[in-house]
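J.: In the order they appear, the protein sequences are chains P and L.
When you line the first sequence up against this note's numbering, it's residues 1 to 273, in that order.
When you line the second sequence up against this note's numbering, it's residues 1 to 267, in that order.
No lab work stands behind these hints: they were computed from the structure.
In this text, a Cβ means the ideal position worked out from N, Cα and C, and glycines have one as well.
You may find that some hints are simply not true.
Label pairs and their computed distance ranges (CB to CB) [stated by the list, open to error]:
| id | chain 1 | residue 1 | chain 2 | residue 2 | range |
| --- | --- | --- | --- | --- | --- |
| 1 | P | Arg70 | L | Val73 | 30 to 36 Å |
| 2 | L | Ala252 | P | Gln117 | 31 to 37 Å |
| 3 | L | Leu107 | P | Ser107 | 34 to 40 Å |
| 4 | P | Gln117 | L | Phe8 | 29 to 35 Å |
| 5 | L | Arg212 | P | Ser106 | 20 to 26 Å |
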Amino acid sequence: MNQPVIDITDLRFAYPEAPRFTVLENLNFTVPQGAYIAILGPNGGGKTTLLKCILGLLTPQAGHIAVFGRKPSESVRYIGYVPQYATTKDLFPANLLDVVMMGAISSPLLFPFSKQQRQRNEQKAVEALEMVGLAGKEKERLCNLSGGQRQRVIVARALMSDPKLLLLDEPTANFDPSGKFCFYEFLAKLPDDITTIVVSHDISIAASPFTGIAVVNRNLSYHEGNDLTPEFLAHLYGTHESTCPMGAFIDNVPQMLSFKPFSDITVPKPPKE
Amino acid sequence: MDILTLPFMQNAIAASLLASVACGIVGTLVVLNRLVFLAGGVAHAAYGGVGLAFFFGLPVLPCTLGFTLGSSVVMSTIARTYKEKADTVIGVLWAAGMAFGIILIDLTPGYNVDLMSFLFGSILTVSAHDLWLMLALDIFIVVATILFYPGLLSITFDAEYAESRGLPAALLHILLVCMAAVSIVMVIRVVGLILVIALLTIPPFIAERKARNLASMMGVAILWSTLFCVAGLMVAYWFNLTSGASIIAVAAICFFTVVGIEQLRKN
Numbered sequence: 001m002n003q004p005v006i007d008i009t010d011l012r013f014a015y016p017e018a019p020r021f022t023v024l025e026n027l028n029f030t031v032p033q034g035a036y037i038a039i040l041g042p043n044g045g046g047k048t049t050l051l052k053c054i055l056g057l058l059t060p061q062a063g064h065i066a067v068f069g070r071k072p073s074e075s076v077r078y079i080g081y082v083p084q085y086a087t088t089k090d091l092f093p094a095n096l097l098d099v100v101m102m103g104a105i106s107s108p109l110l111f112p113f114s115k116q117q118r119q120r121n122e123q124k125a126v127e128a129l130e131m132v133g134l135a136g137k138e139k140e141r142l143c144n145l146s147g148g149q150r151q152r153v154i155v156a157r158a159l160m161s162d163p164k165l166l167l168l169d170e171p172t173a174n175f176d177p178s179g180k181f182c183f184y185e186f187l188a189k190l191p192d193d194i195t196t197i198v199v200s201h202d203i204s205i206a207a208s209p210f211t212g213i214a215v216v217n218r219n220l221s222y223h224e225g226n227d228l229t230p231e232f233l234a235h236l237y238g239t240h241e242s243t244c245p246m247g248a249f250i251d252n253v254p255q256m257l258s259f260k261p262f263s264d265i266t267v268p269k270p271p272k273e
Numbered sequence: 001m002d003i004l005t006l007p008f009m010q011n012a013i014a015a016s017l018l019a020s021v022a023c024g025i026v027g028t029l030v031v032l033n034r035l036v037f038l039a040g041g042v043a044h045a046a047y048g049g050v051g052l053a054f055f056f057g058l059p060v061l062p063c064t065l066g067f068t069l070g071s072s073v074v075m076s077t078i079a080r081t082y083k084e085k086a087d088t089v090i091g092v093l094w095a096a097g098m099a100f101g102i103i104l105i106d107l108t109p110g111y112n113v114d115l116m117s118f119l120f121g122s123i124l125t126v127s128a129h130d131l132w133l134m135l136a137l138d139i140f141i142v143v144a145t146i147l148f149y150p151g152l153l154s155i156t157f158d159a160e161y162a163e164s165r166g167l168p169a170a171l172l173h174i175l176l177v178c179m180a181a182v183s184i185v186m187v188i189r190v191v192g193l194i195l196v197i198a199l200l201t202i203p204p205f206i207a208e209r210k211a212r213n214l215a216s217m218m219g220v221a222i223l224w225s226t227l228f229c230v231a232g233l234m235v236a237y238w239f240n241l242t243s244g245a246s247i248i249a250v251a252a253i254c255f256f257t258v259v260g261i262e263q264l265r266k267n
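Extracted from the complex, chain P is given alone in its bound form (with noise of 0.2 Å):
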C-alpha cells in the first residue's frame, strides 16, 4: 500500500479562548492518494478547524497528523487550499489572470521572480483556466463572473502550485443546486493523482460522486454508503426531534449517493453510545 497521503492519529483540539471544550477529540483519520472525499457534518462541528490543523494553519493539543509523511507546515507545497468566504473582494484591482497567478507566490519577497519564471507562471495560469473552464477569460475581473465562476478560478489558483492534494472549504455555499451538481462532477474530473477533500455542511452534496464521506462532530466517523442511514444523519444534523424539513430529504440520501468505494481507506468506527 503507499504511503497515506493524511495520516491523523488521536486528534484533539480546543481553541485558545475556549481550552475546555474540545472542537475536535480522539479523532483517527487515513486518506489514501487519488481519494476525492466529502467531509461532512453540523455547523460547529469542527470541519474547519480539521482542515486548518491538515493546513497546518492550527496546532493541536494532542495527537499526530502527518501529510505526506511529513509535518504539515512542511508539506504545504503540495497543498491547494480553496479557502471559505475566498472570493468576497469583488472591486480587487486584478484580472483573471493576476489572481490565478497569486498562486504561485510562495516567497513575500519579489527577486525570486525572474522575467522567464512569469512568463512559465503565465503560461501555467492560462493552462489552470483552460482546466476549471475558463478559456479566453484572462482579462476579465473578477467582479465580472458568477459565484461559480469565481470559485472554479479560486479553484485554478489552488492547481498553479500542482498540489498533490486539494482541500476545498465550503467551495458551494453560494450555489444553486444544478451549479453544485456541476462543480463536484468538475472536481471528480481532475487529475487522478490529485486527492481532494471537501469540506461542507450542506448534505445535499453527498449526492455527487464522492470515493466516501466522512461525517464529523467532534470526533470522525467514515461511511461509504450503506451504513450512512437517515437515523444517522438525522441524529448529526439534529432533526431527528422536530419537524423539519430537512428531514425528508435525508431519507432519501442513501438512494442518492452514488459511491466509488476505496477499499484501503481506514478509520476506527466511533464508540457506540
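Guided by the hints, dock chain L onto chain P, whose structure is given.
T.: The following block gives chain L in isolation, referenced to the frame of chain P:
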C-alpha cells in the same frame, strides 16, 4: 502663480508630493485590507508621541514616529490575535493614546505650542529638514513595497490563503501596519492627525474604480492625492482658510462626486 515663488509655499508643495507618495501606496493597502479603523486608531494614538516629545524635550517627528510604530505593532498584534474584539481594543487604544498625549502636554511646564497644528496640520510651516525626513520615509515605503510586493499582494487579496502557502502573513501584516504608521506621521504635518484618515482613504477609493492591478491603483492614488493637496493649498491661500481642512474639503467633494456619478449610472 505668484504664490509658487513663495519659499513656504514651495516647501508646502514639496511636502504635498512627498506625503502623496506615502498616502497613495499605503492608503491603497489600508483600504484593500480593510484597515481603515486601525489606521485611524494609529493616527490618533500618535498624539501620545507628540506629548512624550514635548514632556521630555525630544525632537517631535522622530519621537512621534517611534511612539506610533510601537502603538501600531501593538494594535496589529491585538487585531490579529483577538479578531472579534479588535475594534473595541483599537477604539480604547485610540482614545488612550490621545489622552496620554494631552496629559503629558498639560504636565509640560511652559508649553505654548499651538495644539491645532498637530490636530489639523501645519503644511505651511514645513522646514527643509522636515522635507528630508519625509523623503527618507518615502524611500523606506517605496523600497519596502517593491521588495515585498508579492507578499503584500497575496495577503491583501486573501490572507488565509497566503498563510496556507507558508507566507509569513503575520509579519507582512505588521510590516503593512508599520508602513501605515510611517505614512501617518508624515501626513500629520500636511493635514493633521484628525484629518489624516481622509487622505489615506479617499484617493485609493477613487483609484480602485478603474485600476487594473495593485501597482496601478497605487500610482493613480498618488496622482489623486497630489491633486487634492495642491488644489487644497491653492483654495486655502485664495480664501484664507486652514490648509489641512481645505485639502480634505477638496478630496471630500471629489469623493461625493464620484459616488454620485456611480449612483446615477446604476439608476
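J.: Give a verdict on every hint.
T.: Going down the list of hints, with the structure as the test:
no.: 1; hint: P/Arg70 <-> L/Val73: 30 to 36 Å; verdict: holds (33 Å)
no.: 2; hint: L/Ala252 <-> P/Gln117: 31 to 37 Å; verdict: violated (44 Å)
no.: 3; hint: L/Leu107 <-> P/Ser107: 34 to 40 Å; verdict: violated (49 Å)
no.: 4; hint: P/Gln117 <-> L/Phe8: 29 to 35 Å; verdict: violated (49 Å)
no.: 5; hint: L/Arg212 <-> P/Ser106: 20 to 26 Å; verdict: holds (24 Å)
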